[in-house]
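The primary structure of each chain is shown beneath.
Protein chains: 2
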Amino acid sequence: MTAVTYELIKTDKKSKARRGRVHTPHGTIETPVFMPVGTAATVKAMRPDEIKEMGAEIILSNTYHLYLRPGHQIVKAAGGLHKFMNWDRAILTDSGGFQVFSLGDLRKITEEGVEFRSHIDGSKHMLSPEKSMEVQNALGSDIMMAFDECAPYPADRSYVKKSLERTTRWLARCKEAHKNTEQQSLFGIMQGGMYQDLRYQSAMEIVEMDLPGYAIGGLSVGEPKELMYEVLDYCVEYLPGNKPRYLMGVGSPDYLFEGVERGVDMFDCVLPTRIARNGTAMTSMGKVVIKNAAYEKDFTALDPECDCYTCRNYSKAYLRHLFKANEILSSMLLTNHNLHFLVNLMKGIRKAIEEDRFAEYKRDFYNKYGI
Amino acid sequence: MTAVTYELIKTDKKSKARRGRVHTPHGTIETPVFMPVGTAATVKAMRPDEIKEMGAEIILSNTYHLYLRPGHQIVKAAGGLHKFMNWDRAILTDSGGFQVFSLGDLRKITEEGVEFRSHIDGSKHMLSPEKSMEVQNALGSDIMMAFDECAPYPADRSYVKKSLERTTRWLARCKEAHKNTEQQSLFGIMQGGMYQDLRYQSAMEIVEMDLPGYAIGGLSVGEPKELMYEVLDYCVEYLPGNKPRYLMGVGSPDYLFEGVERGVDMFDCVLPTRIARNGTAMTSMGKVVIKNAAYEKDFTALDPECDCYTCRNYSKAYLRHLFKANEILSSMLLTNHNLHFLVNLMKGIRKAIEEDRFAEYKRDFYNKYGI
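Heads up: the sequence lines are chains C and A, in that order.
Here the first sequence stands for residues 50 to 420, where the numbers follow my numbering.
Here the second sequence stands for residues 50 to 420, where the numbers follow my numbering.
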């Protein structure tokens with residue numbers, strides 16, 4: 050029995066959308082799910098009790114950031130990441146791979162792993178499959194992600210092939226290095242860029258390792274939306290139906306709907322929290338850029354259909370004032386709203402799948418949101 | 050009957066410390082009280098429900114800031130400051146005087162009032178007793194402060210005398226201009242610098258106007274601590290015992306104790322919220338500078354005697370990590386703690402006065418805090 054298991058409840062009659070549950074040592078996650086991102090052991094501008102209150106059952110945290118600061122040994126000494134950050138529900142940690150690959154000139158890739166310099170102080174480090182597992186084991190996340198390379202877009206076929214094959218070899222090393230299988234589960238990551246045969250090759254190689262879950266990496270990296278949907282279509286087909294499927298780095302409402310429709314169970318993205326700090330809210334009627342002069346005397350709620358703390362208690366005029374005055378409460382209230390919006394959207398999607406009206410739910414949402 | 054009234058419950062046997070209540074249209078305030086500052090219609094990094102939860106019964110907000118942004122007419126159109134910022138307990142607003150006088154080269158004082166340029170966009174404005182009342186009436190605060198001049202320290206006698214006499218004339222104009230006496234009460238402000246006879250003169254002039262409360266202004270402006278205590282001693286004597294006494298701009302624990310001992314009922318200061326954002330906590334064992342390396346692996350609470358949200362849920366190691374990573378949650382958690390600390394300190398002081406052990410309570414606190 051693995052630490053994390055998947056339970057399929059129901060599949061939509063007209064699409065690949067599915068309703069399920071991911072069971073973890075820190076509770077059950079109803080899927081499809083959106084996971085708020087808490088990069089540095091905090092979902093920016095949020096108290097954990099607020100995140101719980103809105104119904105989030107899992108958050109994501111970043112191995113690269115925590116390895117550098119405060120250091121995984123400190124988190125371990127604190128009793129693990131859950132205790133350190135006061136979050137007793139499930140946590141998924143990424144592998145650090147995406148971050149170190151993004152460092153550009155500051156990193157060097159070898160078969161062993163990636164040598165890089167810290168973005169904080171320039172100090173030299175090495176992240177490898179073994180090191181990533183060591184760090185994630187120390188953090189104690191429920192779901193650990195494999196150390197992979199997310200190939201850029203565009204990238205030529207030979208590079209993508211070499212890269213995905215190395216990612217497979219790294220996955221085998223991750224599986225070997227993972228030391229706490231009873232409390233933590235390792236998910237594999239499919240790569241292969243925008244090449245169907247390479248996606249197939251990657252899927253076959255990683256599914257062979259029989260892991261408790263699989264992610265689709267290397268999408269939403271700058272490719273056209275239509276291409277992403279096309280690739281996603283066949284990616285999902287190559288993954289086993291009895292394991293959760295996680296589409297990495299995706300969080301706009303349309304991507305969530307399109308992902309769910311194609312059979313994805315898990316999503317994460319910094320989008321809702323980042324745009325909140327920049328003064329943008331997602332609402333049932335589309336995006337609201339709160340600094341706009343139109344809201345100066347608008348004493349209505351951000352979203353009349355929302356029952357989050359922000360919408361229950363504040364007007365757009367007040368939120369605009371806070372944003373313009375550069376007040377921390379602006380980030381707090383808009384982040385609360387945006388996360389609540391996505392958590393609630395997923396709740397609506399789950400209910401729609403249960404009641405066989407996912408297509409209608411999607412159509413109605415798109416119409417109102419303006420997609 | 051004025052909007053705000055004072056009820057004296059008990060006076061300490063060995064000092065001038067007194068236990069009372071200030072009744073306002075938005076609830077009763079147990080005194081002595083510390084008032085958290087919410088400059089721009091928000092106590093920085095705090096949700097109002099957090100401030101309520103810690104037991105604060107009144108907050109302060111700044112007329113100068115709200116006049117410039119978002120503008121008092123917008124706050125009025127929102128239904129007043131309480132509704133605008135979602136705070137249904139009492140609010141005290143200052144007059145804007147202190148802020149415009151602090152603008153230095155950007156302001157010009159005349160008998161009419163103060164002409165100044167906005168620190169935000171350089172636009173030209175005039176604040177006068179009438180304008181300050183108009184703005185504070187629009188905001189709808191429970192307690193409005195008179196438009197006064199807080200003389201600098203040091204200042205020569207003739208300047209201070211002229212300034213306090215103008216402040217008296219301005220107070221008469223404030224009283225005349227105040228348009229909402231049933232819902233809002235105007236407090237006068239005593240000036241007079243460090244000159245005993247001028248303090249006496251100021252007191253006699255303003256007490257004559259029979260206002261619902263009086264503040265002591267012009268202290269904690271750079272003078273030595275001992276001088277402040279000496280001046281405070283006689284200032285309190287000159288004010289009537291049946292009205293609340295408010296010492297403006299004071300919030301360090303020793304100032305609070307010394308003020309209470311001399312008969313002050315109300316205090317405000319940005320200190321606890323400002324130092325929180327800079328990473329400093331007030332605790333029962335003195336100040337904690339959270340970035341210190343000593344706390345890197347300190348998994349104990351900030352203050353073992355504190356039961357605030359922060360101390361119940363987080364370690365110094367986590368708080369240090371948040372501060373070093375420049376996370377908003379650092380400001381949120383430290384502000385919560387510091388305000389809880391002062392609100393709780395005042396609760397302890399009130400109980401000590403009730404139980405005739407104020408001197409012992411003060412001595413024990415000073416010993417532990419290191420004063």
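Don't read these hints as lab results, they were simulated from the structure.
Treat the hints with care, since some could be wrong.
Any copy, or any two copies together, can satisfy a pair, since identical chains are not distinguished.
BS3-like cross-link-like pairs, simulated, lysine-lysine; straight-line CA separation at most 27 Å [to be verified]:
#: 1; residue 1: K346; residue 2: K417
#: 2; residue 1: K173; residue 2: K400
#: 3; residue 1: K65; residue 2: K157
#: 4; residue 1: K93; residue 2: K373
The structure displayed is predicted, hence computed values, not measured ones.
Okay, the hints, checked on the actual structure:
| no. | hint | result |
| --- | --- | --- |
| 1 | K346 to K417 | within (24 Å within a copy, 50 Å between copies) |
| 2 | K173 to K400 | neither (49 Å within a copy, 57 Å between copies) |
| 3 | K65 to K157 | neither (40 Å within a copy, 71 Å between copies) |
| 4 | K93 to K373 | both (19 Å within a copy, 14 Å between copies) |
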